[in-house]
Each structure stands twice: as structure tokens, then as C-alpha cells.
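Mapped onto the working numbering, the consecutive letters of the sequence shown carry residue numbers 1160 to 1336.
Worth flagging that the hints you see were computed from the coordinates, not collected in a lab.
Because the structure is a prediction, the values reported are computed rather than measured.
One should not assume that every hint holds.
[Stated by the list, open to error] Label-pair distances were calculated between CB atoms; the ranges are:
id: 1; residue 1: V1211; residue 2: P1188; range: 27 to 33 Å
id: 2; residue 1: Q1286; residue 2: A1229; range: 29 to 35 Å
id: 3; residue 1: D1332; residue 2: N1255; range: 34 to 40 Å
id: 4; residue 1: D1332; residue 2: A1229; range: 27 to 33 Å
id: 5; residue 1: E1300; residue 2: G1190; range: 22 to 28 Å
id: 6; residue 1: T1195; residue 2: P1269; range: 15 to 21 Å
id: 7; residue 1: G1323; residue 2: L1206; range: 18 to 24 Å
Ideal placement from N, C-alpha and C gives every residue a C-beta, glycine not left out.
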Amino acid sequence: LLRDHITRPRLTAQLDVSNDRPLLLLRAPVGSGKSTLLAEWLGRLSLASGWVSLDEGDNDLERFLSYILAAIRRSFPQGRLATRDLLQSPTLPPLNALVASLADDLAQLPEDFVLVLDDYHCITDPQIHDLLQQVLRHPPERLHLVIATRAEPPWPLTRLRVRGQVTELRYEDLLFT
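My request is simple: use the sequences and hints to build the entire structure.
Here it is in C-alpha cells:
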């Protein structure tokens, strides 16, 4: 961390509690410290993790999935990821097949895995949104998805909220006390 970095123990403690939920949604404007907070938290976590920084050029389902799989592969190099094989086919399989394969890959992970998707507000491809929604409909036990974004994803989050499956931190939570 930077020399002038101010640690945020109150917030990292809140993030620690989120580990029992499949989704952590961190929504705040640019410059509010989302990425810095997540980097601090991951630095002290003992769980395997992967980080994908997104931009407007990542609005391609195949590219997006390849980034996720690469993040998983870095933490679990010996793991078999069947979804990678699907991405190698001449034509991309239907979305439902990709969702089922990815969910199965995630379910086979040997330990819990935190996947950070930073700057998710850059994603506008409906297929990518649908992919993640479907994975979260029946979340793999070992996956802890972290979405850092400036805007709420266009997902029906109500079901996850009602089931207690999402932890949300917003700009107000990031303000210094």
C-alpha cells in the first residue's frame, strides 16, 4: 500500500463479514476509494482471489469469460476449467451452456475464491449481465463475487437482497468518520 494510505479497519471488517455471501456490491463514484479498499482487504485475506479490471473494450462475452478464467487459473493452476474448452470452439456455444459450464467450474474449486470485477459499470453487454445473473441465481458455494462499480448493475438484485445473499457498500459507507 502507499505510504500515505489510511487503513480502513471498520470497512475491511465489514468486508470480512461478507465472505459468507456470494455477492459483494461496492457502489460509489470515481475517486471514492473502492479499488484501494478492496486491494487493502484482499491483501489481508487468506482466501484465494482474482482481480479483473474492466473497461469499455471488455464488452465481449468471450473476452470477458477468458478474463474470469485466467483469474481463476492464476489461483488454481492445476484446476480443470471446462469452460476454457468451450471458448476454444469455432463458434461460441449458447449462453445457457456457458453459464452451466462456468457454474460447474466454480463448483469444482478446491477452496473459496474471491473474484473482483473492478469498474463493472463499463460493462454494457446484456449477455455478460445475463451470464452473471444466472450464475448468481444458484451461486456456487466457493465463489465470492465482488462487483466494484460506479452504478448499480442492471440486475434484479431484489431476490439476492431478500435471501441475504448480497452485502452492499455504498458511497456513504466509504466516507471517513
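> What are the numbers of the hints that this structure violates, sorted from low to high?
Replying inline: 1, 2, 5 and 6
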